[in-house]
Amino acid sequence: MTSNLKLKFLAIFVIIVGCIYGIIGIPTSTAEMAANWNKNIHLGLDLKGGSQLVLQVQIQDAFKAEADTVIQRLKDQLGKSNIQYVDMQRNDPPTIQSADSIQIDVKGIPATSAGNFRQTVNDTFGGVWNLTPVNQTDYRLTMKPTEALKLRADTLTQSKNTIEKKINALGLAESSVQERGRSSAEAELLVQLPGVDDPARIKQILKTAAMLELYEVVGGPWASRDEALSSKGGVLPLNSQLVGAPARGGAPAEVYLLARTPVITGRDLRNASPSQDQNSRWVTSFVLTQDAAKRFERFTAANINNRLAIVLDKNVLSAPTIQSKISDTGQITGANSYEEASDLALNLRAGSLPASVEYLEERTVGPSLGADSIRAGVISGIAGVIAVVVVMLLYYKKSGVNATLALVLNALILIAALSYFGAVLTLPGIAGVILTIGMAVDSNVLIFERIREELRSGKAVIAAVDAGFSKAFLTIIDTHVTTVVSCAFLFLFGTGPVKGFAVTLVIGLIANVFTAVFVSKAIFDWEFGRQQKVLALSI
Amino acid sequence: MQLFNNTHYDFLGTKWPFIIASLILTAAGLVSIVVKGGPKYGIDFAGGAVMYLRFNQEPPVDQIRAALESKIQGEVSVQQITGAPEVLVGTQIKDEKELNVNRQVIEDTLRSTFGAGGGKLDLNNASGDQLASKLREPLLQAAVAMSEQELQTVVKAIADFRASKGGLLTSLDQLSGVPGVTPQVLNAIKQECALGPFTILSAEVVGPKVGRDLQKQAILATLYALAGMLVYIALRFEWIYGVAAVVAVLHDTILTLGLFSLFNKEISLTVVAALLTLVGYSMNDTIVVFDRIRENLRSMRRESLPEIINLSVNQTLSRTILTSGLTLLTALSLWLFGGQVLNGFAFALVVGIIVGTYSSIYIASPILLFSQNVLERKRGTKQTPAVSVKQAASSPAGGGRKAVRS
Chain L
1 MTSNLKLKFL
11 AIFVIIVGCI
21 YGIIGIPTST
31 AEMAANWNKN
41 IHLGLDLKGG
51 SQLVLQVQIQ
61 DAFKAEADTV
71 IQRLKDQLGK
81 SNIQYVDMQR
91 NDPPTIQSAD
101 SIQIDVKGIP
111 ATSAGNFRQT
121 VNDTFGGVWN
131 LTPVNQTDYR
141 LTMKPTEALK
151 LRADTLTQSK
161 NTIEKKINAL
171 GLAESSVQER
181 GRSSAEAELL
191 VQLPGVDDPA
201 RIKQILKTAA
211 MLELYEVVGG
221 PWASRDEALS
231 SKGGVLPLNS
241 QLVGAPARGG
251 APAEVYLLAR
261 TPVITGRDLR
271 NASPSQDQNS
281 RWVTSFVLTQ
291 DAAKRFERFT
301 AANINNRLAI
311 VLDKNVLSAP
321 TIQSKISDTG
331 QITGANSYEE
341 ASDLALNLRA
351 GSLPASVEYL
361 EERTVGPSLG
371 ADSIRAGVIS
381 GIAGVIAVVV
391 VMLLYYKKSG
401 VNATLALVLN
411 ALILIAALSY
421 FGAVLTLPGI
431 AGVILTIGMA
441 VDSNVLIFER
451 IREELRSGKA
461 VIAAVDAGFS
471 KAFLTIIDTH
481 VTTVVSCAFL
491 FLFGTGPVKG
501 FAVTLVIGLI
511 ANVFTAVFVS
521 KAIFDWEFGR
531 QQKVLALSI
Chain Y
1 MQLFNNTHYD
11 FLGTKWPFII
21 ASLILTAAGL
31 VSIVVKGGPK
41 YGIDFAGGAV
51 MYLRFNQEPP
61 VDQIRAALES
71 KIQGEVSVQQ
81 ITGAPEVLVG
91 TQIKDEKELN
101 VNRQVIEDTL
111 RSTFGAGGGK
121 LDLNNASGDQ
131 LASKLREPLL
141 QAAVAMSEQE
151 LQTVVKAIAD
161 FRASKGGLLT
171 SLDQLSGVPG
181 VTPQVLNAIK
191 QECALGPFTI
201 LSAEVVGPKV
211 GRDLQKQAIL
221 ATLYALAGML
231 VYIALRFEWI
241 YGVAAVVAVL
251 HDTILTLGLF
261 SLFNKEISLT
271 VVAALLTLVG
281 YSMNDTIVVF
291 DRIRENLRSM
301 RRESLPEIIN
311 LSVNQTLSRT
321 ILTSGLTLLT
331 ALSLWLFGGQ
341 VLNGFAFALV
351 VGIIVGTYSS
361 IYIASPILLF
371 SQNVLERKRG
381 TKQTPAVSVK
391 QAASSPAGGG
401 RKAVRS
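Chains as they are written, first to last, in my numbering: chain L, 1 to 539; chain Y, 1 to 406.
Careful: at least some of the hints might be erroneous.
List of simulated lysine to aspartate or glutamate pairs, EDC-like, C-alpha gap at most 16 Å [unchecked claim]:
| id | chain 1 | residue 1 | chain 2 | residue 2 |
| --- | --- | --- | --- | --- |
| 1 | L | 207 | Y | 96 |
| 2 | L | 160 | L | 339 |
| 3 | Y | 209 | L | 358 |
| 4 | Y | 134 | L | 339 |
Which residues of chain Y face chain L? A partial, calculated answer using Cβ under 10 Å [said to hold, decoys possible]:
| id | residue |
| --- | --- |
| 5 | 96 |
| 6 | 119 |
| 7 | 209 |
| 8 | 220 |
| 9 | 346 |
Simulated from the structure, these hints should not be mistaken for lab results. Where is the CB? At the ideal position from N, CA and C, for every residue including glycine.
Work the whole structure out from these sequences, hints included.
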């Protein structure tokens, strides 16, 4: 063997070992080999079974909430600085795209306070909002484009993190949350839940905002809003709000008059967990942070025998009377089962989403169907490969062995590359594998047919093989580069499945040029090197 | 063994019947698409809900349809899979808001119509969570010593066992062999659960908005990919080669889409992947032929273009037949053994490989010839051998941009 050829075989050997290592590691037992295989080869949900949800974060909610906070703070500020105003309203952007158009209209600022007003607004909100006068007394606040962009990104990231927390708290292994779509402007999140065949409960958990607030009860309860209003003479007392309690467990719906600012909010929670009360009913217990505990202790000490409303997602859950001083723990009652109590605890721990979410897509593949698909894919794959190998061996005799080796090595490299890149094998990915096998066969056929032609034209064996390889090489490059070019576009402009197809195909094509041209040629050279005089070729 | 050795078929001489057949088939497909109001999109693109159910007996298709139609507005399709006790239930979704409702309504309707009944949990359709929460109380009451962890393990083992039985159990006694299922546990299961006659193999719900986006993106990606290939071939060969190859590929795609419409098959995301695969195959095939034409144009100065094209197709014929035959074998095995999920995909591949091979010979090559004839007529030089190829083909981008006429 020449040293050049030795180097070639060394390279081939190293690649084979690297591939095998990438696929099954260095196993010491068959069980470990299977475990490594399962760890390295990532199957898509369509093969493995599980659920996939696509949800869209309603970014405009965060913009509205931000504007509401600004309005609240500005009202406070103006009150402190003795600046009069007639009205302060925000608009209501209906879609994610129009979220940036959020604006706050401030009406009726007296001309005499104009300078003072501008000063106040610019000092407090100038970093985020632009103030423009509409006329002599009215002003408009609009969000700076850079800040709007930031708020968009923040809302999406925060939603993603909260959803991740919720899912992790459920103990779902291998689940993932990713941003989807080409730009964050679409605000889509892809939630993948392997092994979950009934996503209804998870959807409920993800959708629940779980915004917990504890308020002082100022009045009520009444049976309806109208009744509450009329009992107060049609005008609500300052700093109060009406909040409803939906009908539950036989109790009719009620309306409470609560203080405007909460004593405790969800942010003050340190922990939450399901537990059972003295009547062995399921409840959700929560523990407050140190700061909040002090505040809560002062508040409860001062309000013994008054009522405290526990409000979840803007609904009064219960309004117990404060019996004694409470410091850092509380209970939320009313769960119908362990699951309900534990789901609420989970939601309280994970915090609330900065914006509501809408479901766009939901796919579930049961475990038996996934297994069916894998079995079908493997059976048809093996049947296909056997057919190809048999025909190659019949048609090209000993040279067919070359092609078979190249084909096997090609498959090996492809699987190893998928494992090294952590790529996920899905059904469309299998399409990519099949096209790869097709093109691998084609490369070999192209080369062998070319060699036969050269032999027919009277060339000696070695010269014919060399010519066959070099002439077919140009064609192989043309066909492969064309396909790679198209894959690049598919990858750039396609979505999930189409991308997976493109990635698998490109890896397969590169492996193919290597196996069909480099490896196959090396085997021929080795074959010739063993013979004294090469007179005939089995092709 | 050698087939098609040294053949001399006159492919270009017989091109007309084939081109006419192509046109007729393409037209038939297009007419079918137009008559049916556009291609038949699956829920990936059109939006909707599809549930794939397996029954343990002959599925009561009419009963399912009647039950669902009473609960769901709009069109409900119930389609039985040939040769299996399986059905696909589909509904349309017009608005994102229906998304959350629809799957639940279908499930609930099926359960109340065919479910286990008697307030018991249908074990053929219960998730692990549901089973665990159903068993907790009875196990406590029966004083079975079991930790939450052990319960979860048993529930998981039961779910795995069920999956290995194709998702359907026929009798609760089957569970007695599952690790962890003691007689007491089995008793609790028997007390709380029953077996319904069906299981949900998969459920997909796609909102129309996502569908529209996917549709747009798939079409755009394909068009960009075609444009990219056209430019590359134009650089390596000449513009007309790129155009011919792309026209041939478009022909294949349209023909396949037409056949999908004629056979009433749905276009889903996996079918799009198959269409992309067929674009790849067809392009590959065309380039192999073109490569040979280019090579022969360089070495043979005396022959006319039709002669050279015919020769090139003949020279590559044995490769074409062998490659296409082998890949067709792979695709056929996928079609035969690939199961319901891969059916549309494999169908597109089988059709695509046949059409793609044929189009290289009877669509792409004739286009080269036509363009040549048109050029000649313009220039009025009839006797010059119609050869137009870059001399420096090995240096694709460099060298003279102008075609050198020999």
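Hints and how they fare:
1. L:207 with Y:96: Holds, at roughly 15 Å.
2. L:160 with L:339: 24 Å, violated
3. Y:209 with L:358: 12 Å, holds
4. Y:134 with L:339: 11 Å, holds
5. 96: 6 Å, holds
6. 119: Given a least distance of 16 Å, the restraint on residue 119 of chain Y is violated.
7. 209: This interface hint holds because 6 Å falls under the 10 Å limit.
8. 220: 5 Å, holds
9. 346: 8 Å, holds
Of the numbered hints given earlier, the model fails hints 2, 6; all others are met.
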